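Asks: Which chain is which? The protein sequence lines are A and B, in order.
Residue 184 in our numbering sits at position 114 of the first sequence, with consecutive numbering throughout.
Residue 261 in our numbering sits at position 253 of the second sequence, with consecutive numbering throughout.
Don't take each hint at face value.
[Stated by the list, open to error] Derived SDA-like pairs (lysine to any residue); straight-line CA-CA distance at most 25 Å:
1) K251(B) <-> T203(A)
2) K251(B) <-> S88(A)
3) K357(B) <-> N269(B)
4) K18(B) <-> P60(B)
5) K161(A) <-> P229(B)
6) K251(B) <-> V75(A)
7) K12(B) <-> I335(A)
Hint data in this document are derived by calculation from the structure and do not stem from the laboratory.
Given the structure is predicted, the values throughout are model-derived calculations rather than measurements.
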Amino acid sequence: MSEIVHPLHHFIRPFSTSTTNCPGCGNGIAAQSILRAIGDLEMNLDDFVFVTGIGCAAWIPSPLFNADILHTTHGRPIAFALGIKMGLPDKKVMVISGDGDLAAIGGNHLIQNARRNVEMIVICLNNGIYGMTGGQAAPTTPVGLKTATTPYGTFENPFDISQLVIAAGATFVARWTTYQPRQLTATIKKAIQKKGFSFIEVITQCPVQYGKKTGSGSAVQMMREYKEKSISPKEASKLSEEKLQGRIVVGELLDKVKPEMVEEIMKMKKRASGESK
Amino acid sequence: MIGKRVLTGKHFMMGNIACAEGALAAGCEFAAGYPITPATEIATRLAERLPPVGGMFLQMEDEISSIAAIIGASWTGKKVMTATSGPGISLMLENIGFAIGVETPCVIVNVQRAGPTTGMPTAGVDGDMVQAKRGSHGDYEIIALCPASPQEMFDHTVLAFNYAEKFRTPVFVLSDAFVGHMREEVLIPGPEKIETLIRKIPEAGTDPLQIKGFLDEDVAPMPIFGKGFKSHVTSSCHDEYGKRNLSDLAALDHFVRRLSNKILKHKEEIIRVERDYEGAEIVLVSYGAVSRAAKMAAARGREAGLPVGTLRLITPWPFPDEEVEKMARKTRKVIVLENNLGQLYPYIKAEAAHYAEVSFMPPSTLGMIHDPEDILKRVVREVLK
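Given only the sequences and the hints, what does the whole structure look like? Please build it.
Replies: Rendered as structure tokens:
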């Protein structure tokens, strides 16, 4: 009898035989969507360089994806990715990290590179919590939630990361939840082909540090909640701000064309060296 | 000047400009930085000079992203550098440790200014001497060079690139506001006369599973990105293949020791000093701008018949312990001169105090280079003691 092999198995690094993800984690769904998108586009992992920061989401490609990977310091993957893109402008540079890494400690690099509109794909796994360190409040945690560092409930307003990145100047922004893996895959395919800064927020469940500790339930319960709360941008535009409270606007939120930084640098270099005047 | 990588000729040049020209001559392709006094001229010169020769300088949002961007670019095979001053180094320290941990060639220029904190930006004080070695967390070794003139800002920057490429590690050029802003004659040789090294990379087509890209005490070939090496580069504890290991303390021991031994094993090749203490009973030990004052004081002292010599540390790191000991064995008294409150003094004393009497001499006012006359008076006092 022939061995059953997962169709995406060829993308996995040979020495990786296990993952660090907890049972029920949304990382696996996101990992599949990313690899399916790459497979659907008939691309090779050698076309990519993956860059990650610190946190559970950073362990999606590192070391699982059989590709060039730079697993960097906390909050800084986008800054490292910029340097990689400068050196390898023909490669696809994809940053995969979490909401704490990208929106808290690394928030400045996120908005600055959205502003620069440098071509890269940033996938932000937003679980609304610090998972790896044991369930502390993040800048994405809903108001009032009791976490390890806010035992009496959070008292800060959360970020809407996608809207933040839109305001900063990105050219492709989308949000999906782990309940919509097919839509997520289709969006990642678009982002990979986009000439500009692409940001995809993936609302994902952390059943261990969020679900269990805050009473939001199991992975299945959390995903069911995502299904119920999800609303398209079109439907959302018909609702008042109050009625939108607690809903998750999912879909492609922005897709526009603006000059891309690396291309602009190439033009500038030609001007500087007197090749075109 | 536009479009010419090496500015061969005789120039009257500022130290910071000579540093940027040294970077170009060494083959720097990408630089990133953030404006800061007294290092800014390096960034502005690179911003002007790099694009016409196919390179690029990027002004980043801060020093953290500056060092991150150059490390990223170094992993694509580019020669890279950043230039800043103490406050910028303080911000870079975590990622400097990252560059050490994943063995990334890069040059970091610190044009030192008076600290702590914002301090006095235009005052030259060599207050970051130990920070370069011990600033990032954990045990590690670093290479650092201390130029004393605009000519050496050029020469040492070239050398720093060569050390970085050869040993796959960050290399510091520890200058200061004096040397950075000093203007003197700078001779830039023809490109064929400037030795430039390039890092080793694995042979094209090597099976990724067979590439030992890390932790070789004789420097592993760097499995740079974009070549199909499928490199897993993580700053977490890892083995020769880049495979992460977060549970085995033997792996941790191996990781830390190998990285340090990579530098220590090649100490003799890296360390540079200037010895001029034959027959001297008193030796002035110094580095950087202060070494110019020490040299002048020693010359005047000898004219007056005083048995005084000098030892200049060109590379404070790796610490030239054997050189200091060798000197101390041959003399009676050692005076350590630094433009700070005594940063390398304890290191020098530890090696020299067994053989000679060691004392420290700061400048009369912090931020002022020692007056050679003051040094001479001190020497006379020591002779008469």
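Asks: Straight-line Cα separation of K251(B) and S88(A) no greater than 25 Å?
Replies: 13 Å, holds
Asks: Would you check the hint for K251(B) and V75(A), treating anything up to 25 Å between C-alpha atoms as holding?
Replies: 24 Å, holds
Asks: Can the restraint linking K12(B) and I335(A) be considered satisfied, given a maximum Cα separation of 25 Å?
Replies: 19 Å, holds
Asks: Mind checking the alpha carbons of K357(B) and N269(B) for me, to see if they're no more than 25 Å apart?
Replies: 24 Å, holds
Asks: If you draw a straight line from the CA of K18(B) to the CA of P60(B), is it 25 Å or shorter?
Replies: This hinted pair holds, its Cα atoms lying about 22 Å apart.
Asks: Would you mind confirming whether the straight-line C-alpha gap from K251(B) to T203(A) stays at or under 25 Å?
Replies: 22 Å, holds
Asks: K161(A) and P229(B): Cα distance at most 25 Å?
Replies: Answer holds: K161(A) to P229(B) is near 22 Å, not above 25 Å.
Checked against the numbered hints given earlier, this structure breaks none of them.
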